Amino acid sequence: MQAAPPAQTSVNATRLRSLQALGIFCGFAAGAWLGGAEAPIKLVNPDISPITVSFIMVLGVFLARWSVPAFVRGTSHVRNDVLQAPHLIVWAVLAGCMWAVANTLTIYAIRNVGLSIAFPLWNTNSLLGIFWGFLLFNELHYAGWKRWLGVLGGAVCMFGGATLLAIASSHEAAPGKAALGIFAALGAGILWGTMYIPYRKAYLTGMNPLSFITFFTVGELATMTVLAVTYRGAIPLWHELVGAREVLFWLMLGGFVWVLGDLFQQYATKYVGISRGIPLSNTNQLWGLLWGIFVFHELRGASQTVYAQVAGGSILMALGAVAIALSSATEREHSSWQDAADREGQRYNVEAEYVRAGMEGRAHGTGPTGRTILDWVLILGTTTLFAILAAMARLPHIDISLGWASTLTVAMLALLATCGIALWRTTRFR
Amino acid sequence: MSPSKTDAPRNVFRAIVTDLHFWIPLTVLLGGLILLDKLR
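Chains C and R supply the protein sequences, listed in that same order. Residue numbers for the first sequence follow our numbering, so the first one is 1 and each next one is one higher. Residue numbers for the second sequence follow our numbering, so the first one is 1 and each next one is one higher.
In isolation and in its complexed conformation, chain R is listed as follows (with noise of 0.2 Å):
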């Protein structure tokens, strides 16, 4: 069974949230975010 089209952007955002290179680069980010805050 094919998954219907309403399921399509469920995977997508599964997929995101469950992958390694998503979350490496946001959480550097948040990081850089905390460092440059400390700077000002």
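Same shape as in the complex, but just chain C (with noise of 0.2 Å):
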């Protein structure tokens, strides 16, 4: 029997309520953008080693990550920010390692299995999301048997979907490869839904997402560094880098678009947790499947049985997906978040007002505005280096439809655009 809850919430109905919904829409922003990443991996000669596609994403990644806080909201803000809570430092720097070691682990999944039985594996993260959530951060705690059957049967559901989409997809495993393809997949999913126990963390702290992830990437950076030279070999590596000139912008697109989406799913676990936030950024899968089939023609020749498996495991998430959406926390439950909330404030001696502040999507005390020449050098040095590697980058001679390609990148325009506007008016990007 559960003990009876905190007597009150100090965050008023409505507000909950548009939380609530920005937090469901950054979810479903994320999954566009997350799955839309993986899409330039697929332009790049497999010759390359996978640790090396993985560490010039992870430089993408490391650029996108300091001049998009310095675009946003300014490095300032960051800076007021984790002196605020500087212990977490320690969970971003963490979180980072564990994404850089997931993130190389889904390249060989994807050399193995490709990325449509891919996919699905990894994306079991959100069943381990709900887990850790529950059990860690009070999230569904006095949640009803509603929400209960609509967050975890809509994960099973999506989960069921997934595995529907990996039978279909196992038919363009490359032969005797195809273990070694699962076990990477699995392990970057086990990796990746641990990794929100950090965020989740950092969140209910009261910590900007902008903040946590400019630590996060040098976890990030260090991790992908240290595997990068220790397997390839210095020189090895700089020779590799040299002859994948061609290919540097696509891979370092690829980690910049990867960082749009995993900020929208930072921002949904902020607002949402991480047992609605994580599998509706799971979407992604469906999002890689529409550039898997559209723009590469991944299924092309496939059977009817492959393309009726392949429908079925869409319709599958897409209602997983919708069950989660209409389950968001209730007043109850938000009020069981502070009390998870509180206790890390007390243990790290958080000031209390930050803790709320943070949560509400509100703004704590007068910070700095506005941006330095910091903010500057970050913007206009990622923008000419993405000039310069764009200029030297060559389209390989792959069968892809730029039409589709076109529509699916407007499509994820429009989201960001839309989104990012609702998170400026609710929270300020807070």
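Derived from the structure by calculation, the hints contain no laboratory data. None of the values given here were measured: they were computed from a predicted structure. Each residue gets a CB set at the ideal place from its N, CA and C atoms; glycine is no exception. Check before you lean on any hint, since a few could be wrong.
[Claimed, not checked] Per the computed footprint, the stretches of chain R lying under chain C, defined by three or more beta-carbons under 8 Å from a beta-carbon of chain C, are:
#: 1; segment: 12 to 19
#: 2; segment: 22 to 32
[To be verified] Sample of chain C residues facing chain R (criterion: CB under 7 Å; computed from the structure):
#: 3; residue: His87
#: 4; residue: Trp148
#: 5; residue: Leu191
#: 6; residue: Val229
#: 7; residue: Tyr231
#: 8; residue: Arg232
#: 9; residue: Ile235
#: 10; residue: Arg343
Take the two lone chains and join them into the complex the hints point to.
Have a look at this one:
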């Protein structure tokens, strides 16, 4: 039997509803951008080592994780935020290390079993996310059976859809390499599912996602550099980087696109928790499938059965996402989150008003405003570097549909704009 | 009696190393590194 919930909650019902709706919208936008991020990798010559591919992507991720916060709110906000809860730097770096290892595993997975089978396997991370959210952060406490059914049923539905897609896609796995690819994809899923513990810890404590990701990426880049130099050797790695100069742009663009998706995922985690935010972000599989089928013609020539499995799996995933989206947290559940937040605040001696303001997406104190010289250096430096790499880039000779690529890109940009405006209006990107 | 300022970093360190939220991700990270080493 559960103990009585806290007597009151400080978030008014209207504000809570708008934050929940915002979090759910961010989850869907994350799905589109995370799914689209895998597309540039498909343009890269398979002769390049997966470790080098991952290293180059992380270089793009690093640039994005510093330049996007500088563009959106300025790095002075980041400094101010981190001073309130400096212990979270440890979790940000730890999560970054996990991301880098998981991302490298996904490249092995894509190479060995294809994008369509790898996606559903590593997307089991949402089930792990629900488990950690419930166990460690009071998510789904006092939620009532309908919301439990919506979230857990939705996640199981998505898992079922993912499995169906995996069966459909297994026809394209290279003989003898399927087991390696499956282990790699499942390993990535476990790493990503557990990586949400640091995410949730940071956001319950009130940290801004834009601050978290700037330290997160230090862990990413450090881990990838160590992995790349250890596995490839410094000189061979350099030669491979020079040899890959024509595809550097595509890989770094993949990293940049991933960061935009991840940023939406971070906001979703902040406002609806990991048990709902992560499954919603995992609609990226549907976007990955759209890119795979329409742009890269991945299932061309497949049988009717395969197409039926793909359609059935996709519908199941979409239904699961809708079920989760309709199961947002009640005031009672939200007050339970606040208990977890208070526990974090007391453990690490963080100011209670900072924690409360962060959870409600409102301002705390009078911080610095505007951008500094450092911000402009980051924005202009990143833009210039991408322009140079784009000038060096070549589109590989593979059969892709530019019309579909443009259509999907426009859809992603529309989601970026509308979700960005909603975040600004509701929280000023807090 | 309130703790001195020099106790603060030690307290934060103690809070981190006794926090299960730290050890679970760290253990999974080490497992991931081992798996990656087997795959390469």
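So, going through the hints one by one against the coordinates:
Check result for the segment 12 to 19 of chain R against chain C: holds, 4 residues qualifying (beta carbon to beta carbon below 8 Å, three or more required). Closer than 8 Å: that is the beta-carbon criterion, and the segment 22 to 32 of chain R has 8 residues meeting it against chain C, so the requirement of 3 holds. Look at histidine 87(C): its Cβ gets to within about 5 Å of chain R, closer than 7 Å, so that hint holds up. Hint status for tryptophan 148(C) relative to chain R: violated, with the closest Cβ pair at about 23 Å, above 7 Å.
Proximity of leucine 191(C) to chain R holds as hinted, the smallest CB-CB distance being about 5 Å (cut-off 7 Å). Hint status for valine 229(C) relative to chain R: violated, with the closest Cβ pair at about 13 Å, above 7 Å. At about 6 Å, the closest approach between the beta carbon of tyrosine 231(C) and any beta carbon in chain R falls short of 7 Å, and the interface hint on this residue holds. For arginine 232(C), the interface hint is violated, since its Cβ never comes within 7 Å of a Cβ in chain R; the closest pair sits about 10 Å apart.
Nearest Cβ of chain R to the Cβ of isoleucine 235(C): about 18 Å, over the 7 Å cut. The hint is violated. A cut of 7 Å between beta carbons decides the hint on arginine 343(C): the least distance to chain R is about 11 Å, and the hint is violated.
When each numbered hint is compared with the structure, violations occur for hints 4, 6, 8, 9, 10.
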